[in-house]
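Trainee: Taken in order, these protein sequences are the chains called A and B.
Sequential numbering from 1 applies to the first sequence in full-length UniProt numbering.
Sequential numbering from 1 applies to the second sequence in full-length UniProt numbering.
Everything labelled a hint here was simulated from the structure, so no lab data went into it.
Where hints are given, some of them may not hold.
Computed spacing ranges between beta-carbons, pair by pair [as the list claims (entries may be wrong)]: (1) B:D105 x A:R186: 23 to 31 angstroms; (2) B:N244 x A:T36: 53 to 61 angstroms; (3) A:R186 x B:D143: 56 to 64 angstroms.
Below are the SDA-like pairs computed for lysine to any residue, each with C-alpha atoms no more than 20 angstroms apart in a straight line [said to hold, decoys possible]: (4) A:K105 x B:D181; (5) B:K243 x A:K203; (6) A:K203 x B:P39; (7) A:K280 x A:E298; (8) A:K203 x B:M182; (9) A:K106 x B:N188; (10) A:K234 x B:D181; (11) A:K105 x B:F129; (12) A:K118 x A:F108; (13) A:K312 x A:E191; (14) B:K243 x A:V194; (15) A:K277 x A:I213; (16) A:K105 x A:R223; (17) A:K106 x B:P39.
Don't be surprised by glycine CBs; every beta carbon is placed ideally from N, CA and C.
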Amino acid sequence: MRLLSIVAACILPAQILTAQVAPRVDHSEIADRVLTVFDRQFGAFRDESAALADTAVTYCDGGAREPVLDAFDATWLAWAPLDAYQFGPIEQQAAALTVNFFPDKKNFTGRALRQHLKRPEAEQGDAAIVAGSSAALQGLPAIERLLFEDLPTCPSLVGVTGNLARIAQDLHDGWFASEGWAELVRAAGPENPVYLSNTEFTKQIYTALGFSIQRLREHRLGRPLGTYQRAFPKRAEAWRSGLTNQIMIAQLDGMIEVINLGFAGAVFNPSRAWVVKVIKDTQTRVDAIGAPLLDAVEDPQMRVRIEGIMSKLEYLRLQMDEDIGPGLGVETGFSAGDGD
Amino acid sequence: MDRRNFFRSVVAGLGTAALPLPGWADAGAPDFVTAGNKPDNSTWLVGLTATGDVRFQIPIPGRGHAAALHPTGPQAVAFARRPGRFAVIIDCAEGTEVARLNSLDGRHFYGHGAFSSDGSLLFTTENDFDAPAGVLGIWDTTDGYKRIGEVPSGGIGPHEILALPTGGFVVANGGIQTHPDMGRAKLNLPQMRTNLTYLDAAGKITAQAELAGELHQNSIRHIALDQDGDVVAALQWQGLPTKNVPLVLRHTRGEDLKLLTHPDERQLKHYAGSIATCAETGEIAVTGPKGSHVLFFNKDGTPNGSSQHGTAAGVAQSRTGGLMITRDGGLVLRMNGTETLIPVGGDWAWDNHLVPISV
């Protein structure tokens, strides 16, 4: 009988164990730690964008192309973890579309570039002109086309990268300058205009991780995969530069950072370690596709691998819902306070 | 009486706003319809009486937002919450689903709709999200709710639409660009423009009033008509959160939008939910489900106090007088400045609007 009890205890789902010995969740401490992660992530995007703008100026002055490409890769990979944080300064500044107009079902980027390239050269290279133009002109996909399509790269590259560097600076300032969003987060409470309690920020972050998984599964993988009869390789993000697979890995790295360093000890460790392992397994599988997504979606064997990653992401979502959400005390429920 | 017959009889009251049906009283018909969610996250359309009885609960395929009642026939339309893909037409006499409207490819519903004055057409607020543009879908109620066309709504993000007693419609274009690929993220806050748009019975725009200038980010979302036929609106501030702004306005056709300030507007956390005016006194009530507060204004637009009510969501004229408000745990009846809590069993979370059956 006693043996049976021990066996039963051993096969208890992780979330039940979590409920029994869950650490006390201090949402104020979670907020501080997540903000530290954000400071680093938004800081990296700001720095890489600034470097990209600098290399663009040099390149358009007759310098080498390679440094621009390296800086471009680094900038997009720095953006990848931020792509799912569609609240706070990103929302206030409409940066979700300006930085990465994806998916772009109606070729708004191509159209915006065509219009821009008809402008006088001085305007093409003017970041302020770019800032006043279509969102689709302002971001990474537009820069990618300037670098990898048969288009006149300069001086538009200077204008678009200069504007992107400004956006990246504004985003970091929006979070961390005086009276920035981080101050709102830290001042959570009944009088706060956004966060009535610290728990609300934790819930926002948790929801953003869910959106991150959805974006990977549906947009980054599902759209190019299409059906067995018809794949859509050019729906893959960043297919021109070949960054597609690396972006997904960088995005998953960002999730690991939030979970390990942001949620940290607030989530019972076996659950946290398990979810992080699932994310790392997903990264390994992305690495093992065997080709950029652009090619992989048209190869029957690689398609199976992609479908396997999509299943893994669905599994990750379930694990988050079962282990991380309840552990943090932020399971989603419905309320008219959700807004509409 | 078995469950089905019970359901049929109680639902029979749903569409009786202008056409009392035989058996209405026998059926113990509800006074209000609202969407509601249970703790297990199941989603329902609920009929409530002014005394807090749940007369019916119909499962719907996702979170509901608001409902529209047919002006002559016993039919109600329950709309999914943004970015909703469905609306369910319920035959109130039979208690059955008559039709289900599915949004077209490239469109989703915003959660509101209105019938033309003769009931032959249903207008639905929709997002043409890849354009992006706001449209009004037009459905022929006499032909199985066939989609027969669409017209521009006059702005991005059309939300609530009301039929005007003089014919035609008024639409609140909230101004916020969203895309289902991006969840519920707001994509254009720095450039957003919000307005009230008036249309004739055929859906042609006849007038617009825009909230421009430094309040261009004060999204006009929910609207009601006052005793004089003017439009009152509940706003949602999308600008700098540390800024304090009015969240209510009134509009008389041909004049400028007039903002109504309130000393407790800050309690709404920048989010005014539903709005209604009292048939007897002209009092205006504006709910704040985020701030769990309700603001009141006198008929002339001056402030008339506020109350704290957990997740105060819907508000509507009550057939028996006064204003009824949905909140955690049930309803509140506000009459002549006195509030009475009316508990409703079932641990419901109301979502978002209260629609009166018969006023």
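Trainee: For every hint, state whether the structure bears it out.
Mentor: Verification of the supplied hints:
1. Checked against the given bound of 23 to 31 angstroms, the beta carbons of D105 (chain B) and R186 (chain A), roughly 44 angstroms apart, lie outside it.
2. Restraint check, N244 (chain B) to T36 (chain A): a C-beta distance of roughly 31 angstroms breaks the suggested window 53 to 61 angstroms.
3. The supplied range of 56 to 64 angstroms is met by R186 (chain A) and D143 (chain B), whose beta-carbon atoms lie about 58 angstroms from each other.
4. Using a Cα cut-off of 20 angstroms, the hinted pair K105 (chain A) and D181 (chain B) holds, with the two alpha carbons roughly 11 angstroms apart.
5. As the CA atoms of K243 (chain B) and K203 (chain A) are separated by approximately 24 angstroms, the hinted pair breaks the 20 angstroms bound.
6. Restraint check for K203 (chain A) and P39 (chain B): satisfied, since their Cα atoms lie roughly 18 angstroms apart, inside the 20 angstroms limit.
7. Of the pairs offered as hints, the one joining K280 (chain A) and E298 (chain A) is violated, with about 25 angstroms between alpha carbons and a cut-off of 20 angstroms exceeded.
8. For the suggested pair K203 (chain A) and M182 (chain B), the alpha carbons sit about 18 angstroms apart, so the restraint of at most 20 angstroms is met.
9. For the suggested pair K106 (chain A) and N188 (chain B), the alpha carbons sit about 18 angstroms apart, so the restraint of at most 20 angstroms is met.
10. A threshold of 20 angstroms between alpha carbons decides the hint, and for K234 (chain A) with D181 (chain B) the separation of about 18 angstroms falls inside it, so the pair holds.
11. As the CA atoms of K105 (chain A) and F129 (chain B) are separated by approximately 11 angstroms, the hinted pair is consistent with the 20 angstroms bound.
12. This hinted pair checks out: K118 (chain A) and F108 (chain A) have alpha carbons roughly 16 angstroms apart, not beyond 20 angstroms.
13. Taking the CA atoms of K312 (chain A) and E191 (chain A), the gap is near 42 angstroms; set against the 20 angstroms cutoff, the hint is violated.
14. Note on K243 (chain B) and V194 (chain A): the hinted pairing holds, with a Cα-Cα distance of about 11 angstroms set against a maximum of 20 angstroms.
15. Between K277 (chain A) and I213 (chain A) the CA atoms are separated by roughly 15 angstroms; this keeps the pair inside 20 angstroms, and the hint holds.
16. Distance restraint check for K105 (chain A) and R223 (chain A): the Cα-Cα separation of roughly 10 angstroms lies within the 20 angstroms cut-off, and the hinted pair is therefore satisfied.
17. For the proposed pair K106 (chain A) and P39 (chain B), the alpha carbon gap of about 41 angstroms is over 20 angstroms, so the pair is violated.
Comparing the model with each numbered hint stated earlier shows that hints 1, 2, 5, 7, 13 and 17 do not hold.
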